[in-house]
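Asker: Chain residues, written in single-letter form:
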Amino acid sequence: MIERALDVSTDRLGALLRELTPQVLGTVVRRFHDFAAAEDAVQEASLAAAIQWPSEGIPDNPRAWLTHVAFRRMVDNIRSEAARRRREGEVAVEVSYTPESFIETVSQEDDTLVLLFMCCHPALSTASAIALTLRAVGGLTTAEIAHAFLVPEPTMAQRISRAKQSIKNSGIPFQLPTPDERAQRLRAVLHVLYLIFNEGYTSSAGPELRRGDLSHEAIRLARIVRNLQPDDTEVAGLLALVLLTDARRLARTSAEGELISLSQQDRTLWDKQQIAEGLALISATLPRGSVGPYQLQAAIAAVHDEAERAGDTDWPQILALYDLLRRMSDNPMVRLNHAIAAAMVHGAAEGLKLLDGLKGDARLANHHRMDAVRAHLLELAGDIKSAIRHFRSAAGKTGSLPERNYLLTQAARLSAIKKE
Amino acid sequence: MKYMLMMNATKDVFEWYSKWPKEDLQANFAFMRNFNKELTDSGVLVATAGLAWPDQAVIVRAGTDGTPITDGVFPESKEFLAGYWIVDVESAEEAYRIAARASLAPAPKGTPGTMPLEVRQVMSGPPEDLQ
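Read top to bottom, the protein sequences are chains A and B. Letter by letter, the first sequence follows residues 1 to 420 in our numbering. Letter by letter, the second sequence follows residues 1 to 131 in our numbering.
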């Protein structure tokens, strides 16, 4: 027993609990029809496991253990609620439970999928959907999620609690969406996973460029969805995209934490294995026909990843892919990237002309990326003075410290060239 | 006791900073990174943040119907918060010492800067003599 207890590493325990959380939660929700309370009960069961298992060893059937503890919590809550009602003269409610009968009666995979659909319901704000997905499906604790998003734990607890209240109020049943809704709801799930990945990869707030745990978690969740929906080409596209993008993580920052642009990265640091996996996935998916935005973005990432040196990049192919993507989605960032690709193929003047065409887009009017892209293209065109001005202007607008440092450094680099 | 150490600067100072040579910028980034790490490692750091620059700062007031009225035109002399640290220390003197170290963040040409830091106590808990 002791030997076994010593065997329980924190990493292994964390991974096991994360894996089991959605399965256990699905079972508890099915039995008690109360998602909010079930989610709390499962979180409590997980915390109990995190305390007990390291000293007592992992039980033979950890899922049954967690389910049992969560059921007991639910029943305790219902009993105390019933006692309150009795005191207040209401009719007593008899409560009984038999966890065994509910385990294995439904497919665990279906439960996880239903949970994902619930957590990413369009009725929820994006921030709520992200937090709830990480907790209910990802099995992260509130403290871990709060830490990842740099907010105090009570704030995150409240965000999750309000999200669950919204689900309760909306009366969303715990079941798969109808076939009509399904495609659209799956898009919402993929969007939330993509945002979790991006939050980890680019960190919209705070001094750290990359909060790897979130990217890692998004990749894990994308793998789960891929296993649940192996025939959906956009699910495969999203997984390929996050794999191919995350593969560059080590090359993206210097030892001092400074941002390094794609063209300057040391490509020997890229994760070859992850690139191979992403490439195989997107190559197998694209020919199947139903091409969507995630597949196109994955294809673009793949073209970048395939170039051994920045100079080898197949820009005409990237431009063609951005052309398709631009027709498919009205995302201003896609248009900016399209302008860059056009500049790489047809020259800086062509890219700058496309940027001028975006001037009327209110979403870009005060966005630092507009200035940053213009600065890069102006440098390419040899207009160093204007490039410096736009790099500085972009630095004044960005909300990311590493990005501001990067932009200021670019301006300083060009100033030095001009003086020489 | 908690103290907030604030870096304030006018728009001129932000503009001056954005024109520093590359090596001087990098020395400054490195100083801040190490300083934050030291504060974390010594167990006094509560929170720190740099703010986006004042280019898009606005002053907001509620109009008569409660909707926001924004105002973005400031006099050149106005100081903007650039960033802050909150430290948990034994005494005001310790907070001053930390502020003085932050003030030494290097300026161009390798000279130590003399950036001014505003130090204010963060209110927390009941007063000690009311038990």
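Please note that the accuracy of each hint is not assured.
[Claimed, not checked] Below 30 Å or equal to it, Euclidean Cα-Cα: the simulated DSSO-like pairs (lysine-lysine) are: (1) A/K385 x A/K397; (2) A/K272 x B/K78; (3) B/K78 x A/K353; (4) B/K78 x B/K2; (5) B/K22 x A/K419.
None of these hints come from the bench; they were simulated from the model.
Asker: Work down the list of hints and note, for each, if the structure agrees.
Answerer: Status of the hints after comparison with the structure:
1. A/K385 x A/K397: Judged against 30 Å, a Cα distance of about 19 Å means the pair holds.
2. A/K272 x B/K78: Measuring from Cα to Cα gives roughly 52 Å; hence the hint is violated.
3. B/K78 x A/K353: Roughly 38 Å between the alpha carbons, so the hint for B/K78 and A/K353 is violated.
4. B/K78 x B/K2: holds (27 Å)
5. B/K22 x A/K419: Holds - the C-alpha atoms of A/K419 and B/K22 are around 13 Å apart, at most 30 Å.
In this structure, the hints that do not hold are numbers 2, 3, in rising order.
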